[in-house]
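Trainee: Protein chains in written order, with our numbering: chain A, 1 to 325; chain B, 1 to 150.
A hint or two may mislead.
[Unchecked claim] 30 Å max Cα-Cα, derived DSS-like pairs, lysine-lysine: (1) B:127 <-> A:136; (2) A:178 <-> B:75; (3) B:96 <-> A:296; (4) B:96 <-> A:178; (5) A:322 <-> A:274; (6) B:75 <-> A:172; (7) A:307 <-> A:296.
Please keep in mind that the hints were generated in silico from the structure rather than gathered at the bench.
One letter stands for each residue in the lines below.
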Amino acid sequence: MHRSKARISSIICLLLSLIFLDPLLGSGSGQPILGASAAGPAFPAGFLRLTASLPLPSGYGLAGSAQTPPPENKPDAATSDYLADPLRLLFPSAPASLDLSNTDQAIFANGTPGFDLFALGVLSSAESTTTTALTKTLTLELGGGFRGRVFASPAWLDPLPDRFINPQGQGKLQIEVKVRQDAGQGAGLLPGQTNWGRLLLSLNGTLFDYAVPLLVPAPNGVGRAEGEGVFTLYRHLTARLDAQGDLDALIGSPAFPNGGQFALGLIVDYLGEKEYNGRLPQLQFLDRVAETLAAKDYNADGWIGFKPEDVVIGAPGWALGKKTK
Amino acid sequence: MPSSNFQPRPARPLPGRSPWFGRLALALVTALPLVLTACADGLPPTDVARRYLGNMRDAAYSPAYDLLSADSQLKVSRSQYSDRLGRARQEAGIVKTEIVQVLEPSIVGKRASVPYQLEVTLQNGQKLTLFESMVLLQQDNGWRVLWPPQ
Chain A
1 MHRSKARISS
11 IICLLLSLIF
21 LDPLLGSGSG
31 QPILGASAAG
41 PAFPAGFLRL
51 TASLPLPSGY
61 GLAGSAQTPP
71 PENKPDAATS
81 DYLADPLRLL
91 FPSAPASLDL
101 SNTDQAIFAN
111 GTPGFDLFAL
121 GVLSSAESTT
131 TTALTKTLTL
141 ELGGGFRGRV
151 FASPAWLDPL
161 PDRFINPQGQ
171 GKLQIEVKVR
181 QDAGQGAGLL
191 PGQTNWGRLL
201 LSLNGTLFDY
211 AVPLLVPAPN
221 GVGRAEGEGV
231 FTLYRHLTAR
241 LDAQGDLDAL
251 IGSPAFPNGG
261 QFALGLIVDY
271 LGEKEYNGRL
281 PQLQFLDRVA
291 ETLAAKDYNA
301 DGWIGFKPED
311 VVIGAPGWAL
321 GKKTK
Chain B
1 MPSSNFQPRP
11 ARPLPGRSPW
21 FGRLALALVT
31 ALPLVLTACA
41 DGLPPTDVAR
51 RYLGNMRDAA
61 YSPAYDLLSA
71 DSQLKVSRSQ
81 YSDRLGRARQ
91 EAGIVKTEIV
101 QVLEPSIVGK
111 RASVPYQLEV
121 TLQNGQKLTL
131 FESMVLLQQD
141 NGWRVLWPPQ
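With the sequences and hints as input, model every part of the structure.
Mentor: So this is what it looks like as C-alpha cells:
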C-alpha cells in the first residue's frame with residue numbers, strides 16, 4: 001500500500017515537472033501541437049495552448065474574406081483550394097469515414113458551449129431572394145485530430161464545406177454559410193419574418209449546435225398597414241385547421257416546428273404576389289397551406305399542399321406539395 | 001503603482017435616513033427581476049409573449065431570459081444569450097423595434113402559438129414589417145417561450 005502510494009506520487013511529480021519544464025525546454029509554437037500519442041513530453045504544454053486557442057464554437061469570428069493563408073503546396077484532387085493543410089475537404093463523392101484510428105485525439109476547451117448563435121443579418125430586399133443573396137464565413141480554430149460534418153436545415157441554409165478532416169496538429173476551418181434559393185431542392189425563404197436555420201456541427205461525434213437567424217423583408221405592398229389583411233387570413237387558417245382537428249399542426253410539428261410562423265410567411269408571400277396574380281382564391285390558398293401544415297389531403301384532389309399549376313401562377317416552387325395517388 | 005495608504009471606510013448613512021433604507025432599496029432592486037418573473041407565472045400566453053417581446057424591444061435580455069422554457073435555458077446560459085442577441089441586433093443594424101400587435105393564441109394542450117407583428121427600424125432608416133409567431137410551453141411556473149424559434 002505504501003509502495004503504491006509512493007509510485008503514484010512519483011508519477012504525479014514526473015507529470016508536473018513535464019508541465020513546468022516543457023516551456024523552458026523550448027517547444028516553440030510553430031511545432032506540431034499534439035503528437036500521435038498524448039503521453040509524449042510535448043502534450044502538457046500543447047494542451048495548455050490548445051485550451052486557449054480552441055473556444056469552440058464561441059470562438060468563431062466573422063470574416064468577409066478568407067483569413068487562412070493560401071496553401072503553399074499545390075492541392076491534390078482531394079484537397080480544398082481554400083483550406084490550409086492539413087485541413088482537407090472531402091467532396092460529397094467521397095463520404096467521410098467514421099474511422100478515427102489515424103486521427104489524433106480531439107481537444108475541447110473546458111466550458112465549450114454546445115450551442116451558439118450565428119446571425120446572418122438582414123437580407124437586402126425581398127426581391128433578392130431569387131438568387132444566392134448572402135454568404136458569411138464561420139471560422140473555427142481546430143486543435144488535435146478531427147473528422148467533422150456539418151448538417152444544415154432547412155434547405156436554404158447551405159454550408160461549404162460540409163465535411164472535413166484535420167488528422168493532427170492545429171488548423172483553421174472556414175465554413176462558408178450561404179443562403180440558397182433553389183425550388184428544385186425545396187430551398188426558399190419566407191418573406192416578412194426572421195428565418196431561423198440550424199447548423200449542427202459534428203466533430204468526432206461531439207455535436208455543436210448553431211442557430212442561424214436571417215431577417216427577410218416583406219415584399220413591396222405588404223407593410224405595416226397590411227397587418228390586418230395578413231392576420232385575417234391567418235385567423236381563417238386557424239379556423240380551418242381547428243375544424244379538421246389539426247390545430248396542433250399550426251403550433252408545431254416535426255416538419256414545421258413553428259407552423260404559425262411558416263403559415264404567416266406563406267400568407268405574406270401570397271399577398272405580396274397579389275394573390276398569385278389574382279388566380280388563386282383565398283379559400284383555395286388557405287386549403288393549400290392547411291394541407292401543407294397537416295400533411296393531409298383535405299379536399300381529396302390527390303395532392304397535399306401546393307400543386308404544380310399553383311407554382312406556375314406564382315406560388316413558391318420550393319413549397320410544392322406531394323402527390324398522394 | 002497603486003497607493004497602499006488607502007483604507008476603505010464604511011459608508012455613513014445619510015442624515016435623516018435609516019441605514020436600513022439603503023439595504024431595503026438594494027434588496028428591492030435585486031429582487032425586482034425575480035418578482036417580475038414570478039408575476040408572469042399565472043399569465044396567459046399572450047401576456048407572456050407581450051412581456052417577452054417588450055424585453056426584446058428594450059434589449060433587456062436578462063429578464064427575457066427568465067421567460068424562456070427550462071429546456072431553452074439549459075441550451076444557452078444567461079450571459080451567452082444576452083451577449084449573442086445583443087451582438088446579432090448590432091450586426092443587423094437594428095436601432096428600434098416596435099410591437100405593432102400581439103394576437104390571441106392558439107392553444108393545444110400545453111403548447112401555444114402566439115402570432116405578432118413588429119416593425120423594425122434599421123440604421124439606414126429602412127423599416128421592416130415582420131409577421132412572426134412565438135411558440136410557448138406551459139410549465140410548472142407558467143407559460144414559457146421556446147428559444148431559439150425554428
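Trainee: State for each hint whether it applies.
Mentor: Status of each hint after checking the structure:
Distance hint between residue 127 (chain B) and residue 136 (chain A) is fulfilled; the C-alpha atoms sit about 23 Å from each other, no more than 30 Å. Under the criterion of a C-alpha separation no larger than 30 Å, the hint pairing residue 178 (chain A) with residue 75 (chain B) is consistent with the structure, at around 25 Å. Of the supplied pair hints, the one linking residue 96 (chain B) and residue 296 (chain A) is violated, its CA atoms being roughly 41 Å apart against a limit of 30 Å. The straight-line distance between the Cα atoms of residue 96 (chain B) and residue 178 (chain A) is roughly 27 Å, inside the 30 Å bound, and the hint therefore holds.
Restraint check for residue 322 (chain A) and residue 274 (chain A): the C-alpha separation of about 25 Å stays at or below 30 Å, so the hint holds. Taking the CA atoms of residue 75 (chain B) and residue 172 (chain A), the gap is near 26 Å; set against the 30 Å cutoff, the hint holds. A distance of roughly 14 Å separates the Cα atoms of residue 307 (chain A) and residue 296 (chain A); the hinted pair therefore holds under the 30 Å criterion.
Violation of the numbered hints given earlier is confined to hint 3; every other hint is satisfied by the structure.
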